[in-house]
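Quick note, the sequences are listed as chains A and B, same order.
Its first residue numbered 1, the first sequence is counted upward by one per residue in our numbering.
Its first residue numbered 239, the second sequence is counted upward by one per residue in our numbering.
There may be inaccurate statements among the hints.
[Claimed, not checked] A short, non-exhaustive set of chain A residues, derived as facing chain B with CB atoms under 7 Å: (1) Ile16; (2) Arg31; (3) Glu202; (4) Tyr203.
Since the hints were made in silico from the structure, they are not lab data.
What you are looking at is a predicted structure, and each value in this text was computed from that prediction instead of being measured.
Ideal Cβ placement from N, Cα and C applies to all residues, glycine included.
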Amino acid sequence: MKIRIKFSKQGTMKFIGHLDSMRYFQKAMRRADVDIRYSEGFSPHQIMSFAAPLGVGLTGSGEYLDIEVHSSDSSRVMVKRLNEVMAEGVEILSFRRLPDGAANAMSLVAACDYTVRLREGYDNCGFWRDFFPGLNDFIQNGNLEIVKKTKKGEKQMDLRPFVYEYRLLEDRGMFLKLSAGSSVNIKPELLLEAYCLAKGQEYQPFAFLINREEVYADTGSEGSHQFTKLEAFGEEIE
Amino acid sequence: MRKLALPDEILLSIQQPARYIGGEVNMCVKDPESVDIRFCMCFPDVYEIGMSHLGLQILYDMFNKMDGVYCERVFSPWTDLDQRMRKEQIPLFALESQDPVRNFDFLGITLQYEMCYTNILQILELSRIPLHSVDRTWDDPIVIGGGPCAYNPEPLADFFDLFYIGEGETVYADLLNTYKVSRAGNDSRDAFLKKAAQIPGIYVPSLYEVQYNGDGTIRSFLPSCPEAPKTVIRQVVTEMTDSVYPEKPLVPFIKVTQDRVVLEIMRGCIRGCRFCQAGMIYRPVREKNVERLKELAWQMLKNTGHEEISLSSLSSSDYRSLEEIVNFLIEQFQGKGVNISLPSLRIDAFSLDVMSKVQDVKKSSLTFAPEAGTQRLRDVINKGLSEEEILNGAFEAFQGGWNRVKLYFMLGLPTETTEDIEGIALLSEKIAERYYEIPKDQRTGKVQVVASTSFFVPKPFTPFQWAPMSTKEEFLGKARIVNHKMKEMLNHKSLKYNWHEADVTVLEGVLARGDRRVSKVIEEAYRNGALYDAWSEAFRNEIWMNAFETCGVDIGFYTSRERNLDEIFPWDFIDTGISRDFLKREWERARDGVVTPNCREHCSGCGVRQFGGGVCYEDTN
Chain A
1 MKIRIKFSKQ
11 GTMKFIGHLD
21 SMRYFQKAMR
31 RADVDIRYSE
41 GFSPHQIMSF
51 AAPLGVGLTG
61 SGEYLDIEVH
71 SSDSSRVMVK
81 RLNEVMAEGV
91 EILSFRRLPD
101 GAANAMSLVA
111 ACDYTVRLRE
121 GYDNCGFWRD
131 FFPGLNDFIQ
141 NGNLEIVKKT
151 KKGEKQMDLR
161 PFVYEYRLLE
171 DRGMFLKLSA
181 GSSVNIKPEL
191 LLEAYCLAKG
201 QEYQPFAFLI
211 NREEVYADTG
221 SEGSHQFTKL
231 EAFGEEIE
Chain B
239 MRKLALPDEI
249 LLSIQQPARY
259 IGGEVNMCVK
269 DPESVDIRFC
279 MCFPDVYEIG
289 MSHLGLQILY
299 DMFNKMDGVY
309 CERVFSPWTD
319 LDQRMRKEQI
329 PLFALESQDP
339 VRNFDFLGIT
349 LQYEMCYTNI
359 LQILELSRIP
369 LHSVDRTWDD
379 PIVIGGGPCA
389 YNPEPLADFF
399 DLFYIGEGET
409 VYADLLNTYK
419 VSRAGNDSRD
429 AFLKKAAQIP
439 GIYVPSLYEV
449 QYNGDGTIRS
459 FLPSCPEAPK
469 TVIRQVVTEM
479 TDSVYPEKPL
489 VPFIKVTQDR
499 VVLEIMRGCI
509 RGCRFCQAGM
519 IYRPVREKNV
529 ERLKELAWQM
539 LKNTGHEEIS
549 LSSLSSSDYR
559 SLEEIVNFLI
569 EQFQGKGVNI
579 SLPSLRIDAF
589 SLDVMSKVQD
599 VKKSSLTFAP
609 EAGTQRLRDV
619 INKGLSEEEI
629 LNGAFEAFQG
639 GWNRVKLYFM
649 LGLPTETTED
659 IEGIALLSEK
669 IAERYYEIPK
679 DQRTGKVQVV
689 ASTSFFVPKP
699 FTPFQWAPMS
709 TKEEFLGKAR
719 IVNHKMKEML
729 NHKSLKYNWH
739 EADVTVLEGV
749 LARGDRRVSK
759 VIEEAYRNGA
769 LYDAWSEAFR
779 NEIWMNAFET
789 CGVDIGFYTS
799 RERNLDEIFP
809 WDFIDTGISR
819 DFLKREWERA
829 RDGVVTPNCR
839 EHCSGCGVRQ
849 FGGGVCYEDT
859 N
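Whole structure, please, built from the sequences with the hints as guidance.
Below, the structure is given as structure tokens:
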């Protein structure tokens, strides 16, 4: 039985990288006595895959991983059991059964929502004071062509088609819906960096608090996007 | 969200920020305001090493089970963070509360190997605790050391207020209680230290005076006040089964060296190898009841979610219920994604059978530790492993499908000759030849024999404490002989030989048998940048050599000097329960090449029977 788990990763857990998060969840599955399936062979490993790695330093409110199990209690019970063995900062939000033959989370990822805020100490001086209205204006009217560094060298690319949504938040911040996944993966940092560059300001990676809010698949057809939350593919186990 | 001592800017620009944030599964959370005593437990090396240490997990659990005590942890910041903390004036902090170490009542530092000594000074300095005990006030924690290197604490005497001699499970409650009473009664720090000195097992270095002879040896080593005892008695847990053990060990977020459940099945070793300090200072052998172990295995796997469980002891094959516990683990956990790892097993039919069940024969290798190349030298060191046993064990393993063998030897053992050194290559060759006795169609590829040598360092409280140690040049000369001989062997293409630089060994030799005069060398080396000396990428020998020069301390006095049988050693104030006569007897038997039977075959009267437990009483139960 395939299961999709939605979780949040907050607080000090943002310092735990992707590989260590995977190890963390493997151990958590055993602590919670989840009847997870193992691969065959002398060093069996749990059947588990993550939707999209979250960079060190970022927090997430809607992260996903898929597992396979032999059996399961109700979603409600499984969420409770897992939350009882979590470290501070990780919370299981849902535990849902996927239909047989469902595609795995990783292959579905098409877009992510982010909120970006300024870290305390950066938010009330000079360039940073009006950072977000400026960024909003930049995304609307500016030149979003950037030079993206890839393994093969540098590549010119226009970010605009991949910024699906953006809006100012009431409490000084920015909401962004960006293309994600295996075809075009746009990290919010790319946009922030492009804006700083356009303004002749040095990009300061530590100035931002970035939270990934949600991860989506694209269920639209023929060039029209229809973004669906990854948890919507599963159903609650009663 | 838990507060952190380090800002994000630092945590996101150093390696492995998870080393410094705490918050791991099973971390103990208490309100520091509501406890009487805050104890900071330190392993003076990087997090991944320190968190792999069983003793730390045992004591962490023990302290936190005490009412009114909160035990937290601190490890050495890696060199990247070390620089940032100095530059930005950030005091060293404990992982749990993230509070400065200096705010604690105790800083307990475990001394597992000599090459961590400069890291101790780093911990003190970054914590803003004066390096010297004599300069500390009640504004500083009581700095206490324990662990194997506390059996000769003298090179560290200036830096510690107290040392705990022996196993931590016994008198810590008394010590903490004495502290509480002292603080409530407004005792001075000195008054407290004098009270602590009266607790069995507690050594207060500042209460002793050492005088030296003209030749540099010790003339007298005596207490300077009536409160300090003449000898400090090693503390021993008499009943292992009921002894405190962590059912909920901490689970690190990052991969640490020992990333598994560790089940201590037994403490001590019956074998009595004459070079081995652990085999002496953990006497007598004490087994843990197998039913208790089964219960612990369940609980610990459940509470950690680890995917591996490992048995721990100095010589697991001597645990009398080994078959029962191993079969239990295989039946209960194999097939549930839990690997079973069995280190320190003698190679015999049983262990080969078990190993073929729990590991992939094709990927694993067989390990022997003959320690010496000839039977003569193995008799000298009392290593009860014969060539026949090695060759037969290897042959059986080859028939079972193994084709990789690892061999561990020491160079520089007492009485060693060229023949013994060359014997390392000859024994490796004989093992390779055994492989080719198997008919070709039954072999699985080529055989690979990897021999590694380490250099022998004489340790306190072993029969070899009197032995001169080889010099660096002698060590390297011996390694060259082995290397040369290996190349002459018929199967030299199947043999591989590894050895190390000898610089660290020489230092280890000085620190292992050093006295109080060595502490200024440690401080001088630290001041000039020595840190993480146990890490080859960080170790800088020239700093140490300059420090010896500057301080006028002669390396040869501590290492290659022949010691007189009745010389007073810096560690002689400790009573380990093993008589000096026994050690002397063993030193003489070694030089005569006479083997001493193990504790279960015949009692040799080492003296530890006085502790009233363990192997000494096995037949009387």
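(request) Could you work out which earlier hints the structure fails to respect and list their numbers in ascending sequence? (result) 3 and 4
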